[in-house]
Every structure is written in C-alpha cells, then in structure tokens.
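Mapping of the sequence shown onto our numbering: position 60 corresponds to residue 143, and the numbering continues sequentially without gaps.
If you are wondering where the hints come from, they were derived from the structure by calculation, not from laboratory data.
Any given hint could be a false lead.
[Claimed, not checked] Pairs of lysine-lysine residues, derived as DSS-like cross-links and limited to a Cα-Cα distance of at most 27 Å, are as follows:
id, residue 1, residue 2
1, K85, K169
2, K85, K184
3, K169, K184
4, K91, K169
[Said to hold, decoys possible] Simulated DEER-style distance windows between Cβ atoms:
id, residue 1, residue 2, range
5, P207, I99, 15 to 25 Å
6, L142, I167, 30 to 40 Å
7, L192, N87, 34 to 44 Å
No residue lacks a Cβ here, since even glycine has one placed at the ideal position from N, Cα and C.
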Amino acid sequence: MKTNLIRKLILRDILIAVTLAAYGIFVSLFHRGIPCVINYFTGLQCPGCGISRMLLSMLHGNFHAAFSFHPFLFITWPFLAYLILKADYHYIHGRGMRLSKTDTILTCLYIIALLLFTVARNLP
C-alpha cells in the first residue's frame, strides 16, 4: 500500500519536473512566458509576478537576478518545500493532508506576509 503511494508521489514529482523543464526550455528559446492578467490590466504586480523569471535565473545560477525578480519567494521557498514534504509524509503514512495547528498558523502568516510584500512592491 505505502509503496503504491510512494510511486504515485514520485510520478507526480516527475510530472511536475518535466512540465517545469519544458516550460523553462520554451521560455529560454522563445523569450515568452505566461503573461500575468493582473499586470496586463492594472500595471500592478500580483503575488506571483516574477516567479518564472526567478526560477529560470536560479536554474542558470544567477541568484542575484533571481532575488531581484521575487525576493520574498526566493527567501521563503524552503518553508514551502517543508510544507509540501510534510504533507507528502502524512499522505504516505495515511494521516491525510491536514496541517498541524502550528503549520496552519505559519501558513496564514506566510500568506499575510506575501500579500504585504505584494502591496509594498507596488507602492511608488
């Protein structure tokens, strides 16, 4: 049973990695990414603006540029990785995908901080 769950998670991770790699290759070749609808209509940067450029810069080893594209996510990505890995661990061990009370509070604080970062980077 656990082996089957682990295989599913590994397959999911491979699918995500292949999709991201294909997107990275596409952007590198054609210099076109997924456009932000919020930015297009308002001129403001949404919470996700800069993530693709940040990841591509990290992929190319340009961490200074990666930081400049999305400093908040660049600094806090280990927390997101922690949440994903912890959820996977609980899923494998049959405990569901529920977060602990502490993780729920930290996730709410993370979202608030991301929104405050978004407001701050759109100020003139």
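Cross-check of the supplied hints:
Restraint check for K85 and K169: satisfied, since their Cα atoms lie roughly 16 Å apart, inside the 27 Å limit. For the hint pairing K85 with K184, the CA-to-CA distance comes to about 26 Å; that is within 27 Å, so the pair holds. Pair hint K169 plus K184 holds up; C-alpha atoms about 13 Å apart against a cutoff of 27 Å. Proximity of K91 to K169 is assessed by CA-CA distance (about 16 Å); at most 27 Å being required, the pair is judged to hold.
Between P207 and I99 the C-beta distance comes to about 37 Å, which lies outside the given range of 15 to 25 Å. Hint check: L142 to I167, Cβ distance near 19 Å, so the stated range 30 to 40 Å is violated. At roughly 35 Å, the beta carbons of L192 and N87 sit within the given window of 34 to 44 Å.
Of the numbered hints listed earlier, those contradicted by the structure are 5, 6.
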